[in-house]
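In order, the protein sequence lines correspond to chains H and R. Note that the first sequence ends on residue 436 in numbering that gives the first Met the number 0; no numbers are left out. Note that the second sequence ends on residue 188 in numbering that gives the first Met the number 0; no numbers are left out.
The hints are simulated quantities; they were obtained by calculation from the structure and are not laboratory data. No residue lacks a Cβ here, since even glycine has one placed at the ideal position from N, Cα and C. One or more of the hints may lead you astray.
In silico DSS-like pairs for lysine-lysine, Cα to Cα no more than 27 Å straight-line [stated by the list, open to error]: (1) H:K351 to H:K258; (2) H:K418 to H:K403; (3) R:K153 to H:K268; (4) H:K137 to H:K106; (5) R:K153 to H:K223; (6) H:K307 to H:K330; (7) H:K318 to R:K89; (8) H:K318 to R:K93; (9) H:K285 to H:K330; (10) H:K285 to H:K266; (11) R:K109 to R:K93; (12) H:K266 to R:K89; (13) H:K125 to H:K106; (14) H:K318 to H:K351; (15) H:K258 to H:K307; (16) R:K153 to H:K266; (17) H:K318 to H:K330; (18) H:K223 to H:K268.
With beta-carbon atoms standing in for the labels, derived distance ranges [to be verified]: (19) R:T112 to H:F436: 55 to 61 Å; (20) R:M168 to H:G317: 27 to 33 Å; (21) H:I269 to R:T112: 18 to 24 Å.
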Amino acid sequence: MNKFARYLLAVTLIFVSLAARAALTIEITEGVEGALPVAVVPFLFDAPQGAPSPPENVSAVVAADLQRSGRFKLLAERDILSRPFEPAGINFRDWRMLGMDNIVIGKIKPIATGFDIQFYVFDVIKGTQIKAFTVQSKPSELRAVAHQISDIIYEALTGERGAFSTRVAYVTVHQRASGERSFALNVADADGENPREILNSPTELLSPAWSPDGRKIAYSRFVKDHFVLYAQDIAAGTPEVLASYPGHNGAPAWSPDGKRIALVLSKLKITDAPNYDIYVLDVQSKELTRITENWANETEPTWSPDGKYIAYVSDRGGKPQIYRRAVTGGKEERVTFEGTENLRPIYSPNGKMLATVQGNSGEYRIVVLDLETGQQRVVSEGTLDESPSFAPNGSMILFAATYKNVQMLSAVSVDGRVKQRIPESSGSVREPAWSPF
Amino acid sequence: MKALKVLATLVVPAVVLMACSSTPDKPASTTATSAAKSADDKDATAKPSADSGKAATTPIAAPAESKPETKTAKDAAAALKNVIYFDYDKSEIKAEFRDVVSAHAAFLAKNATSTVTIEGHCDERGTREYNIALGDRRANAVRQMLMLQGVSSKQISTISYGEERPVAMGHDEASWSQNRRAVFIYVNK
Chain H
0 MNKFARYLLA VTLIFVSLAA RAALTIEITE GVEGALPVAV VPFLFDAPQG
50 APSPPENVSA VVAADLQRSG RFKLLAERDI LSRPFEPAGI NFRDWRMLGM
100 DNIVIGKIKP IATGFDIQFY VFDVIKGTQI KAFTVQSKPS ELRAVAHQIS
150 DIIYEALTGE RGAFSTRVAY VTVHQRASGE RSFALNVADA DGENPREILN
200 SPTELLSPAW SPDGRKIAYS RFVKDHFVLY AQDIAAGTPE VLASYPGHNG
250 APAWSPDGKR IALVLSKLKI TDAPNYDIYV LDVQSKELTR ITENWANETE
300 PTWSPDGKYI AYVSDRGGKP QIYRRAVTGG KEERVTFEGT ENLRPIYSPN
350 GKMLATVQGN SGEYRIVVLD LETGQQRVVS EGTLDESPSF APNGSMILFA
400 ATYKNVQMLS AVSVDGRVKQ RIPESSGSVR EPAWSPF
Chain R
0 MKALKVLATL VVPAVVLMAC SSTPDKPAST TATSAAKSAD DKDATAKPSA
50 DSGKAATTPI AAPAESKPET KTAKDAAAAL KNVIYFDYDK SEIKAEFRDV
100 VSAHAAFLAK NATSTVTIEG HCDERGTREY NIALGDRRAN AVRQMLMLQG
150 VSSKQISTIS YGEERPVAMG HDEASWSQNR RAVFIYVNK
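Okay, chain R solo, but in the shape it has when bound:
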């Protein structure tokens, strides 16, 4: 199970990074992704001994700096994942994304001067003003979860874009599922 988790944390961020960086009208996410990435590199280089110490016991051959056994490296790896997805017309945070939110919470709790903006988004169905409210519900569901895990409200701001800033332009579930999302944006590290 741990192996699967490792695989997931390697594969999913890569896919998500590709999706985020291909959106031309959201330069902030690309900045955020690279900011999170450099944080990851920093952590990796800061603790090389811990990583190599655990390397022998891991069943999967994976790059040294993304071993999840050490807490910092795991947090950093999860922190790369800056998008979570929602079910149609819902704002509940799904079980599969709780770790992602927790990773951001841990980072923010540890770095009290860091601030995050949570963007809430919807797919195109329904009406525009209603979707602004729904996007806001999604962003605030994330905000609540962060605060429950010790993040100060002063570190969190939310923006709802409703259906106005999709990443996928199709009129089918494949596109809609990508658009129903909350995005973590860090402006300063």
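In isolation and in its complexed conformation, chain H is listed as follows:
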């Protein structure tokens, strides 16, 4: 506990958006033991006296990205006493004495079209260069370029693809003084910056799901007397009705090739008795294929990354548990055997794990199930955790939690060790969805 407390003091980092609009802030609440010690030396601003500063502090964005991933323990800026900006200026012994494994150095220079950035990644112990890059950026793209630099450094040091240039979608609810509520679907950068509202609705929005190409978000919206399924092109802002059958249309899950969507319908004809089942909709032709057909309710489908299976919730055993079935047909198999109930399954990007919302004695936590070994790990504290979403590199899970009576987003590393809380400044947040790469 003491060690964690020390890490807490050392690694707590809070972002505050300068935008007037509501924004997410990310607070790391638990650091990870064994995080790689790295120093990101503030980049030199290679410009004459009086030149206007860049609109973003690139090395600060990079340091914050690496910190937030939970894989690195960043050296505090005040402890960075020498500021090399090119390989010749590095004294490896000094950095070894500070306990660093790696350092990142660089410089940024104004050019006609914007800025030129050079950066280097070094192995301090061996004294060798790992990466050297030059990149040019327009002023308006500087923050995006900083995230790309973070991706390069992350991959160089962990062997894993970085997810710093991705986005998150989430639903916010605002309550007016009159008591009326409004719902918004928002998209922000993965670090919570640049939030923008892509859809506003006086009625409920559920289950946002990114298309694999990152261009559209499918969601379910309450219209008159039932939920209707839509897809919205994020750039064009135009919503398209995917399914508006009588009864419920919900829980969309795109196939890995983006051509089909698994969804839940409760009736095909108005005279049908309601029965929640999984179907697959061809996005182009709107043709429906039925995946489950039985007296119980099935809902919340998730598509395996190889496109072969759909896992879903079924209450056929009384309490909801996860089952799966091959898309082409065949036997249904039960997948979860621990916990009183399991809901909202999500496959990890590598297909080897399933995150679920597990209920035990009325308390709900995020659990990660290893599909090969059958072992599970509880990764969140509960007790009202829901809607897990994997980062596209599989390293973290974003989910919704209730903390001190406020609904907010939380994130946890897939091994459960790094925990973050993500309050939103103006309203209650739910239903997060992490974008693809």
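Based on the hints, put chain R in the right spot on chain H.
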């Protein structure tokens, strides 16, 4: 026992009426409650002689128009109760609410042009899409019971709001128990 029933049918609707009318985003229930209420007044005024005839034999001093002895008045009184509650993760209609459902069934069977919408709701626990299905199970449990008692399917429609429209905002059983409910909404009398 009858006395207790009278007390229950007086007290519970009053509490329920208060709960319903304090929900700002559900004007329909307030309309329904007042619609049911005016139906009650109508019935009460239509049969004053029956009420006063029975008044002397009732052990509890209660307002004349809510004497349960006459069938119409009893139905009308029960019809004020337009919410029933469910156990956690369950959609079975509890024994204590069967009379409420029956009262609505009697009203609908007698008034073939009246239609009712049954709303199904859940508490916040569990996941949203699953709760849409659970809310639907609750609404349909009521629908089945109404149909078994002679109501035509054409008179009944159902809506599930899942956990999306709670009446109580706390994160404890006191709030959750109020949110696990089915609501009877009458649009036209």
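For each hint, the structure was consulted:
Note on H:K351 and H:K258: the hinted pairing holds, with a Cα-Cα distance of about 23 Å set against a maximum of 27 Å. Of the supplied pair hints, the one linking H:K418 and H:K403 holds, its CA atoms being roughly 16 Å apart against a limit of 27 Å. Our distance criterion of 27 Å between C-alpha atoms is met by R:K153 and H:K268, whose separation comes to about 14 Å. Note on H:K137 and H:K106: the hinted pairing holds, with a Cα-Cα distance of about 16 Å set against a maximum of 27 Å.
Using a Cα cut-off of 27 Å, the hinted pair R:K153 and H:K223 holds, with the two alpha carbons roughly 19 Å apart. Annotation: proposed proximity of H:K307 to H:K330 holds, straight-line Cα distance about 13 Å (limit 27 Å). Note on H:K318 and R:K89: the hinted pairing holds, with a Cα-Cα distance of about 10 Å set against a maximum of 27 Å. A distance of roughly 19 Å separates the Cα atoms of H:K318 and R:K93; the hinted pair therefore holds under the 27 Å criterion.
Restraint check for H:K285 and H:K330: satisfied, since their Cα atoms lie roughly 25 Å apart, inside the 27 Å limit. Between H:K285 and H:K266 the CA atoms are separated by roughly 16 Å; this keeps the pair inside 27 Å, and the hint holds. Pair hint R:K109 plus R:K93 holds up; C-alpha atoms about 24 Å apart against a cutoff of 27 Å. A threshold of 27 Å between alpha carbons decides the hint, and for H:K266 with R:K89 the separation of about 21 Å falls inside it, so the pair holds.
The hinted pair formed by H:K125 and H:K106 meets the criterion: a straight-line CA distance of about 23 Å does not exceed 27 Å. For the proposed pair H:K318 and H:K351, the alpha carbon gap of about 25 Å is at most 27 Å, so the pair holds. Straight-line distance between C-alpha atoms of H:K258 and H:K307 comes to about 14 Å, which keeps the hinted pair within the 27 Å bound. With a C-alpha separation of about 16 Å, the suggested pairing of R:K153 with H:K266 holds against the 27 Å cut-off.
Between H:K318 and H:K330 the alpha-carbon distance is near 20 Å, which keeps this suggested pair within the 27 Å criterion. A C-alpha spacing of about 17 Å is found between H:K223 and H:K268, which places the hinted pair at or below 27 Å, so the restraint holds. Take R:T112 and H:F436: their Cβ atoms lie about 58 Å apart, and the range 55 to 61 Å holds. Remark: the range hint 27 to 33 Å for R:M168 to H:G317 is upheld by a beta-carbon distance near 29 Å.
Distance hint check: the CB atoms of H:I269 and R:T112 are about 20 Å apart, consistent with the given range 18 to 24 Å.
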